[in-house]
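Protein chains: 2
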Amino acid sequence: MKLNTESILLSHGSGGAESQNLIAELFYPFLESCVIGSGEDAGIAQIHSKDFAVSTDGYVISPIFFAGGDIGKLSICGSCNDVAMMGAKACYLTASFMLEEGFKINDLSRIVESFSKTLKESGAKLISADTKVLPKGALDKIFITTTAIGEFLYPHLHLSAFKIPKESAIIVSGNIGTHGAVIYSNREGINLNTTLESDCALLYPILEPLFASNLTLYALRDATRGGIASVLNEWAQASNIGITILDSSLPILPQVQGICELLGFEAYNLANEGMCVICIAKSDAQKALEILHKNGASNAAIIGYTTDRNPKRVVLETNFGAKRFLDYPSGELLPRIC
Amino acid sequence: MKLNTESILLSHGSGGAESQNLIAELFYPFLESCVIGSGEDAGIAQIHSKDFAVSTDGYVISPIFFAGGDIGKLSICGSCNDVAMMGAKACYLTASFMLEEGFKINDLSRIVESFSKTLKESGAKLISADTKVLPKGALDKIFITTTAIGEFLYPHLHLSAFKIPKESAIIVSGNIGTHGAVIYSNREGINLNTTLESDCALLYPILEPLFASNLTLYALRDATRGGIASVLNEWAQASNIGITILDSSLPILPQVQGICELLGFEAYNLANEGMCVICIAKSDAQKALEILHKNGASNAAIIGYTTDRNPKRVVLETNFGAKRFLDYPSGELLPRIC
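Protein sequences, first through last, are from chains V and X.
Quick note, this note's numbering runs 31 ahead of the 1-based positions in the first sequence.
Quick note, this note's numbering runs 31 ahead of the 1-based positions in the second sequence.
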C-alpha cells in the first residue's frame, strides 16, 4: 500500500492502518539507518552500558478539559505509561508547551496545576521544559509534548511485542473504550447525565506488583489511539501469531456501550488513557488477575488467548460461537483524542 | 513583577523579560518541588549513577522553509545544540510531529529528508517518535518537538551559568543575528538579492576541539530567542557578575546590519541557530579563538569580559567610549522564529 494522496489526511493520525502506512512509506525510507527500537511503545537507550526506556508523545486533545482529566494530566500519564509498557518507571520527564496568543491565564494555570499534581504522583522529575507562544489562529489553544525517561527497576522483565508465544493469555487491565466515549460524547454535545469519566491514569502503580511477582509477562501495551483492536493486531503481526478474543469477556461500562450503540462505534476501537493490554503465560493469568484486582485494577479481565491458527490475525468470537476477523481500525476515527 | 494580564501575550514567548516572568510566576509555583536543573540549557539526569544531559524544544518556525534550512533541520540542530551547551554529545533523539490536515506530502517529505540528513550528521539515533494529525485550521502546517539526550565524553567539563568568575573572557562562535535577520526579511517580503542564509547548524563539531583541549571553559549557551542580549543578561544574573561588551568587536554580516537598520533592530537581540556564546578563562581566550578559527568557526571573536563592576548587568561600550546598559530584549520581538 503506497501513499496514494498528495496531502495529509486526518486518517494518517488515527493510529490505525493509514498511520502505519504514513510511517512505513514516508518516514522509514529516510530514517531507517538512524532509528532504533521501532515497533515498541518506548525505545531502549543505553549510556555507559546502562539501559533506560525513552518515549515521546504530542498531546493535542480537544476539549482540553474533560470529565476525568485535562491535557495537563493526560500529557504526564500518556508518556509515563509508554515507558511503563516496557517495564520501566518514569524518573525524568521533559515538556514542551505551545500556547496560542490570547489563551486564558486561568486555563493555563489549571492545566499546569494538574500537570504538576500528576507529575508528583508519578515520582518523575521535570528535567527540561520549553514554552512557545504563537500568534492567534496559528494553533488551537494549547499543545503539550512530553518525553519520559524510565529506569528498569525489574531487570528480569523482557517485554516485547515481537516475542509473544502461542498459548499465552491476553488480559486487559480495565474497562475498554471509556476515554474515547467520554471525548466523543462531549464533542457531540451528548449530555450523559452520568458520572462517566475518562480512565486517564498512571499505569505503573497498578503494574508494579505484577513486575515484582515471578509471573511470566511477555508484553504490555497501553491501548490509546486505535484502542485494543490496534494493540492486538500489532502484536499478532509483530510476533506472527493468531489472537482469539471472546466478545463476552470484554469489560465495557454500560454507559460506554450505550454511547457506542448511539454513535455506531465499537468499544475495542476506542482510545483508552489508563488501561493496558497484558500478555502473560496462560498458567499465570489467574494469579495476575488476582494481583491486579487487589491493586486497584478491579475491572481487569482475561479476554482471550494467542494461538498458532490464523497467524497475524485477530479473531473475535461471539457468545453464539460466530467468529470474525477483528481488523485494525481504519478511517478517520476521532482526531484529537489524545 | 506579576502576570498583570488575563491572557497569554506573544511577548510571553519572546525569550526575553516577559518569558522569564511567565515561567517564574505561573510555572514555578506549581512545579518547584518536581523540577531539577533549571536555569541551564539542558538538565542533568542521573540513572544508575551515570550522568547525561537532556533538553527539549518545540519548533514552530514560520516560514517552514527558509534560506539555509527548514523546520526539520532546525529541530535537530536546536536540541542537539542545547545538550552541546552542557558539553554533551547528543546520542539519542525523540521527535513528535504535529501535522495539519491537508499539509502537502511533498513538503513533509522534504522536511523528513532534511531532518534525517541532519540527524545522521549529528550521530544521534532516533529512539522514539510520534505523529499527530489535526483537522485543518487547528495548527499552521507543521510543528516538531524534539528531545535530545546527550552523553558526557569530556567529564572534566563543568559548564554552568551559575559559576562564572569575574575577569573571564566572552567569545561568540560566529556572526550574530543572522538567523533572525533571514526570517524577518523573509516575512517582511524584503528581497535581499544576496546569498544570506540562516546560520542553522550543529555546534558540537566546532566545539569538540575546545572540549578536548585543556582550556578552562566556564559556560556555553546558544543564543537563540532573545539573541546574545538574553544570554549575557542570564549569565550576569545567574553568576552575580557584570559583563562588558565592546560594540566594535561584535561580528555582524553587512547584510544583517543593513536589515537591522532598515527594520530598527539590534543584531544582539536577534535569534541565532548555529552560534553560541562561550565564557572562558581570560588567559585561554586567544588560544580558544585559534582553535575555533581552525575548526570551521572562522568568524568567532572575543567580544568582552566579565567584571565585578555593575553586578547582574551587561554594559555595552561603543567605539567612542560611551557606555550603556544592554538589557534583556522585551516586547514581542519575533514570534515563530524557531
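Bear in mind the hints are in silico, worked out from the structure with no lab data behind them.
Please read these numbers as outputs of a predicted model, since none were measured by experiment.
Be aware that one or more of the hints could be misleading.
Computed spacing ranges between beta-carbons, pair by pair [unchecked claim]: (1) X:K167 x V:P60: 36 to 42 Å; (2) V:L294 x X:K167: 47 to 53 Å; (3) X:E292 x V:N137: 54 to 60 Å; (4) X:N222 x V:G168: 22 to 28 Å; (5) V:G220 x X:F193: 51 to 57 Å.
Some chain V residues close to chain X (C-beta under 8 Å, calculated; not the full set) [stated by the list, open to error]: (6) C122; (7) S127; (8) T176; (9) D278; (10) L281; (11) E348; (12) F351; (13) A353.
The beta-carbon is built from N, C-alpha and C at its ideal position, and this holds for glycine as well.
Against the structure, the hints:
1. X:K167 x V:P60: 36 to 42 Å: Given about 26 Å between the Cβ atoms, the range is violated.
2. V:L294 x X:K167: 47 to 53 Å: 23 Å, violated
3. X:E292 x V:N137: 54 to 60 Å: 42 Å, violated
4. X:N222 x V:G168: 22 to 28 Å: 27 Å, holds
5. V:G220 x X:F193: 51 to 57 Å: 52 Å, holds
6. C122: 7 Å, holds
7. S127: With Cβ-Cβ at 4 Å, under 8 Å, it holds.
8. T176: With Cβ-Cβ at 4 Å, under 8 Å, it holds.
9. D278: Because about 31 Å separates V:D278 from the closest Cβ in chain X, which is outside the 8 Å limit, the hint is violated.
10. L281: 27 Å, violated
11. E348: 33 Å, violated
12. F351: 38 Å, violated
13. A353: 35 Å, violated
Consistency note: the structure conflicts with the earlier hints numbered 1, 2, 3, 9, 10, 11, 12, 13.
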